[in-house]
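Given the coordinates of chain F, work out where chain X should sit on it, guided by the hints.
Sequence order for the protein chains is F and X. Per the numbering used here, residue 1 is the first one in the first sequence, and the count goes up by one each step. Per the numbering used here, residue 1 is the first one in the second sequence, and the count goes up by one each step.
Be careful, since some hints might not be right.
[Unchecked claim] Output of the computed footprint for chain X on chain F, the stretches with three or more beta carbons under 8 Å from beta carbons of chain X:
1. 23–35
2. 45–53
3. 102–108
[Unchecked claim] Think about it this way: if two alpha-carbon atoms lie no more than 16 Å apart in a straight line, the pair counts; the simulated EDC-like pairs of lysine to aspartate or glutamate are:
4. Lys53(X) with Glu67(X)
5. Lys36(X) with Asp107(X)
6. Lys41(X) with Asp10(F)
7. Lys41(X) with Glu5(F)
8. Lys38(X) with Asp107(X)
9. Lys36(X) with Glu58(X)
10. Lys9(X) with Asp107(X)
11. Lys19(X) with Glu67(X)
12. Lys36(X) with Asp85(X)
13. Lys40(X) with Asp10(F)
14. Lys53(X) with Asp95(F)
[To be verified] The calculated label-pair distances, taken between Cβ atoms and stated as ranges, are:
15. Gln107(F) with Arg63(X): 27 to 35 Å
16. Leu114(X) with Arg68(F): 42 to 50 Å
17. Pro112(F) with Arg63(X): 39 to 47 Å
Please keep in mind that the hints were generated in silico from the structure rather than gathered at the bench. The beta-carbon is built from N, C-alpha and C at its ideal position, and this holds for glycine as well.
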Amino acid sequence: GIQVEQSPPDLILQEGANSTLRCNFSDSVNNLQWFHQNPWGQLINLFYIPSGTKQNGRLSATTVATERYSLLYISSSQTTDSGVYFCAVEPPWGDSWGKLQFGAGTQVVVTP
Amino acid sequence: DTEVTQTPKHLVMGMTNKKSLKCEQHMGHRAMYWYKQKAKKPPELMFVYSYEKLSINESVPSRFSPECPNSSLLNLHLHALQPEDSALYLCASSQDNRGLQPQHFGDGTRLSIL
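The shape of chain F in the complex, shown without the other chains (with noise of 0.2 Å):
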């Protein structure tokens, strides 16, 4: 299957400040997703992003799907923002469409 890496693991931040996310992958992609997921567990999603860039209030993501590697950006960051970001993909053969693959994650915490 197609091997999902994200960096750093760990991000701490003070309100206010801008960061990077990052997200690599082995392999061609169908799909490309980031999700945000909550203290409480709710997954929300943030982009649908399989290549290009998009842009969502302080949120913006860019996907580079020739170079196999997808970034969030998180600017003017606040304490709503903590949580655990994913990145997953989804593959382009057929028999593993709808497998999304999800990376470990980036666990986020933003202080006042």
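Structure of chain X alone, referenced to chain F:
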């Protein structure tokens, strides 16, 4: 509020009990998924249903039995579970499972096995 609804939110059961988890979506999606997530780990895929038919079973033990009665509803029947089955169970849906579709997740059921 998520558009995928899971009930119950919490469930405590003994190893001899039989219970069911329920997942519902009204987005017209034709693919639905069950994931299992242990503490401090990423979600792991268990089952995929496509057009109400089971298309992927990731070698899940038979004490977990999925069911898709219609295109909006997905159940996970539980019987004779073990303590190591305690986890967060997440349901997701997408337009179909032919790729190039984002998956939308419910809030999960937190299951504890005594």
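Against the structure, the hints:
no.: 1; hint: 23–35; result: holds (count 4)
no.: 2; hint: 45–53; result: holds (count 3)
no.: 3; hint: 102–108; result: holds (count 4)
no.: 4; hint: Lys53(X) with Glu67(X); result: 9 Å, holds
no.: 5; hint: Lys36(X) with Asp107(X); result: 12 Å, holds
no.: 6; hint: Lys41(X) with Asp10(F); result: 14 Å, holds
no.: 7; hint: Lys41(X) with Glu5(F); result: 13 Å, holds
no.: 8; hint: Lys38(X) with Asp107(X); result: 15 Å, holds
no.: 9; hint: Lys36(X) with Glu58(X); result: 11 Å, holds
no.: 10; hint: Lys9(X) with Asp107(X); result: 8 Å, holds
no.: 11; hint: Lys19(X) with Glu67(X); result: 13 Å, holds
no.: 12; hint: Lys36(X) with Asp85(X); result: 9 Å, holds
no.: 13; hint: Lys40(X) with Asp10(F); result: 12 Å, holds
no.: 14; hint: Lys53(X) with Asp95(F); result: 15 Å, holds
no.: 15; hint: Gln107(F) with Arg63(X): 27 to 35 Å; result: 31 Å, holds
no.: 16; hint: Leu114(X) with Arg68(F): 42 to 50 Å; result: 44 Å, holds
no.: 17; hint: Pro112(F) with Arg63(X): 39 to 47 Å; result: 45 Å, holds
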